[in-house]
Amino acid sequence: MQNLTLILLLAAMAGGAFFMGRRRSFAVVGGLAHSARLHSLPGYYGYFTLIWCLLPALGLFLVWVLVEPKVIVALIIESLPGAQRTMSAGELNLLVNNIQNLAAGDAISGEIDAVMRDAADRYNDYVAASRRMLAALTLGIAGLGGAIALRRIRPEFRARNRVEQVVLYLLIAASSIAILTTVGIVLSVLFEAIRFFREVPLTEFLFGLSWSPQTAIRADQVGSSGSFGAVPLFAGTLLITAIAMVVAVPVGLMTAIYLAEYSSSRVRAVAKPLLEILAGIPTVVYGFFAALTVAPWVRTAGESIGLEVASESALAAGLVMGIMIIPLVSSLSDDAIHAVPTAMRDGALGLGSTRSEAMVRVMLPAALPGIVGGILLAVSRAIGETMIVVMAAGLAANLTANPFEAVTTVTVQIVTLLVGDQEFDSAKTLAAFALGLMLFVVTLCLNVIGLTFVRKYREQYE
Amino acid sequence: MTETKITEEEAVPEARRVETDGVPAAQKPNGVAAHTVVERVAELGEKTVGEVRCDNPFIVTENVDVYYGDNHAIQNVTLEIGKSEVIALIGPSGCGKSTYLRCLNRMNDSIESARVTGTITLDRQDIYGSDLDPVALRARVGMVFQKPNPFPKSIYDNVAYGPRIHGLASDRAELDEIVHTSLDRAGLLKEVKDRMDEPGTGLSGGQQQRLCIARTIAVNPEVILMDEPCSALDPIATARIEDLIDELSRDYAIVIVTHSMQQAARVSQRVAYFHLGRLVEVDETNRIFTNPQHKLTEDYITGRIG
Chain A
1 MQNLTLILLL AAMAGGAFFM GRRRSFAVVG GLAHSARLHS LPGYYGYFTL
51 IWCLLPALGL FLVWVLVEPK VIVALIIESL PGAQRTMSAG ELNLLVNNIQ
101 NLAAGDAISG EIDAVMRDAA DRYNDYVAAS RRMLAALTLG IAGLGGAIAL
151 RRIRPEFRAR NRVEQVVLYL LIAASSIAIL TTVGIVLSVL FEAIRFFREV
201 PLTEFLFGLS WSPQTAIRAD QVGSSGSFGA VPLFAGTLLI TAIAMVVAVP
251 VGLMTAIYLA EYSSSRVRAV AKPLLEILAG IPTVVYGFFA ALTVAPWVRT
301 AGESIGLEVA SESALAAGLV MGIMIIPLVS SLSDDAIHAV PTAMRDGALG
351 LGSTRSEAMV RVMLPAALPG IVGGILLAVS RAIGETMIVV MAAGLAANLT
401 ANPFEAVTTV TVQIVTLLVG DQEFDSAKTL AAFALGLMLF VVTLCLNVIG
451 LTFVRKYREQ YE
Chain B
463 MTETKITEEE AVPEARRVET DGVPAAQKPN GVAAHTVVER VAELGEKTVG
513 EVRCDNPFIV TENVDVYYGD NHAIQNVTLE IGKSEVIALI GPSGCGKSTY
563 LRCLNRMNDS IESARVTGTI TLDRQDIYGS DLDPVALRAR VGMVFQKPNP
613 FPKSIYDNVA YGPRIHGLAS DRAELDEIVH TSLDRAGLLK EVKDRMDEPG
663 TGLSGGQQQR LCIARTIAVN PEVILMDEPC SALDPIATAR IEDLIDELSR
713 DYAIVIVTHS MQQAARVSQR VAYFHLGRLV EVDETNRIFT NPQHKLTEDY
763 ITGRIG
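Going down the list, the protein sequences come from chains A and B. Counting in the numbering used here, the first sequence runs without a single skipped number right up to 462 at its last residue. Counting in the numbering used here, the second sequence runs without a single skipped number right up to 768 at its last residue.
Just so you know, these hints were derived from the structure itself, not from any lab. C-beta: ideal position from N, C-alpha, C; glycine also. Wrong hints could be hidden among the right ones.
Facing chain A, according to a computed beta carbon distance under 10 angstroms, are these residues of chain B, among others [said to hold, decoys possible]:
1) 572
2) 574
3) 602
4) 605
5) 606
6) 608
7) 609
8) 611
9) 614
10) 615
11) 628
12) 687
Label pairs and their calculated CB-CB ranges [unchecked claim]:
13) B:626 <-> A:455: 30 to 38 angstroms
14) A:418 <-> B:573: 56 to 64 angstroms
15) A:268 <-> B:724: 41 to 49 angstroms
16) B:661 <-> A:172: 37 to 45 angstroms
Sample of chain B residues at the chain A side, in silico, Cβ under 8 angstroms [stated by the list, open to error]:
17) 569
18) 598
19) 627
20) 677
21) 678
22) 681
Taking the hints into account, I'd like the entire structure generated from these sequences.
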């Protein structure tokens with residue numbers, strides 16, 4: 001039986017279980033007219049039966065689907081002649097792959113011998129048998145679960161509490177998915193980074209001033225000595241982030257002040273969504289805007305006043321990144337200013353402040369923690385931004401504070417290290433994971449600080 | 463600002479008194495109970511009962527109407543407020559007393575849909591005139607709000623805020639002097655003089671409200687508007703604020719909106735009763751509470767509506 005058919009059947013059974021549970025609840029109190037004698041609303045008895053019918057069967061189904069391939073492969077290997085059991089892990093893997101492909105009727109590499117064909121047939125038999133068992137077991141458990149649930153329905157049975165308990169677990173499971181994913185990402189990056197740090201000492205990575213990620217294939221090769229000092233990368237990242245913030249903070253803050261205090265509600269109704277559109281432009285579009293429009297313009301402008309400007313300058317990338325971040329800063333600051341109680345504004349105006357005095361002396365100081373939190377979130381966004389800098393910032397790992405020179409960033413290096421075919425056992429490739437880990441730690445810290453500020457601010461007025 | 467006082471006294475009262483005479487007769491309480499709201503609206507009548515004029519008017523409002531969009535919030539209110547008197551505005555919720563109060567320092571300006579017509583003069587100067595700066599007006603007409611709203615700054619900075627923005631002190635010593643005097647007059651100095659640098663938001667509710675009063679008088683206003691200043695306070699803090707209002711009334715005209723009739727009776731010399739956007743009756747506090755002329759006023763003060 002196909003798995004899809006099985007799922008549909010299960011769903012149909014669950015639906016049936018709901019109605020049976022509901023009907024049963026009426027039956028145990030002696031008809032619709034007496035449903036007030038039930039502890040819970042009749043629907044809850046339906047859901048209770050549905051849960052008992054569906055959840056155990058679904059659980060079995062998932063476990064089965066996960067374990068099935070492993071068990072079958074183990075059985076196949078077990079059944080192969082002894083000679084083939086002495087093969088290395090790689091060869092065995094290849095053989096099993098071939099058998100699976102043969103069984104599925106796909107093209108395979110190498111010759112097909114009688115032993116393999118035999119194994120492929122057995123493989124198909126196992127799969128068919130497993131499916132039959134799965135279908136029988138799942139439907140059986142569903143029926144059994146439903147029946148048990150039906151038998152438990154009594155007028156005084158607390159179906160609502162049971163159902164709500166299950167819903168609670170569902171909610172917990174849903175909210176832990178994001179957390180577990182984060183943990184998984186951290187762990188995967190961490191293990192690769194540890195492999196990197198076995199080859200390159202942590203101190204060299206953290207404090208080395210030169211970045212030239214290459215490893216030699218032969219010892220006598222030219223440029224065989226790679227160096228993995230991440231300082232130029234972080235310096236470049238900070239430079240571009242700083243330029244971005246110099247653009248985004250004043251512009252964003254002034255936008256927020258205008259929107260929160262001076263604009264009429266009609267202007268606000270138009271301007272806010274427009275700003276949010278700016279936030280929705282894909283960063284790759286910003287990237288070629290930076291590379292094709294802003295960078296040449298910066299170069300011409302710089303040269304016209306006698307400055308030497310690289311065509312992929314930190315300034316161009318930083319400017320465009322700043323523009324990208326403006327909506328983030330303005331919208332968070334606007335929220336922060338709006339969260340200051342009107343009583344503050346009224347108080348200031350009532351004492352004869354002008355609107356600007358009220359804003360600068362009362363509203364902004366009161367909103368400051370929220371604004372700072374927003375800016376920190378924007379900084380971590382800028383640090384992690386990839387596409388704009390890949391396209392506009394260049395690859396040369398210069399350690400410089402001159403915004404007219406080309407610099408590279410952590411994210412750009414991660415991209416260049418991992419794009420294309422890579423071997424995953426050289427320091428060069430593994431360096432990307434070490435950089436990723438560092439980046440993750442830095443932005444995590446900034447986010448924590450930012451969110452702490454925002455939370456502290458919220459408490460102040462509640 | 464005080465030089466014009468004497469000429470006003472001569473000019474205004476006698477002539478204006480006549481208008482309102484004779485009106486009450488038709489609307490005297492007739493003892494019929496159980497009126498519906500609709501009937502009451504009909505009872506309102508066009509004219510205000512009692513005495514809207516006073517001997518020494520400082521704020522004069524003539525035929526003031528306020529609209530919030532299509533909502534006619536205040537209808538044709540004419541009232542005079544004297545130089546050093548406490549006048550209490552009472553009436554059920556939504557009757558327009560706070561709206562009226564906020565007209566007097568143009569706080570309604572910040573509400574986009576609000577529109578004010580009629581004339582309001584402060585010391586014979588039209589406060590809605592095109593040559594008048596609302597910012598300067600608000601320095602002359604201070605306001606204390608329903609909920610204490612100290613700024614999230616130190617106690618000192620809260621009081622020094624007004625003098626600083628208006629440049630009232632030329633040096634630090636002068637500013638210190640203003641802050642101390644204001645806190646002293648607000649009866650708060652003793653409690654806070656050792657912790658002037660602590661945040662004003664850390665004080666108790668009653669202290670916060672007195673801080674707000676200190677902040678208001680530090681600007682040296684001529685009128686103080688109070689919008690239910692005690693509604694968020696306990697009875698003890700309320701009593702202190704009421705004593706304070708009593709003292710302040712020697713130097714300032716005070717307009718206080720209150721929901722507590724006892725409070726109105728305790729602190730005010732005159733009472734104005736608002737109902738559904740109209741000024742129903744104005745008179746001396748004693749007379750309002752012992753012998754109200756209008757049926758609605760009587761119903762309100764005896765607790766039958768409100």
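Failing hints, ascending? Hints that this structure does not satisfy do not exist here, as all of them hold.
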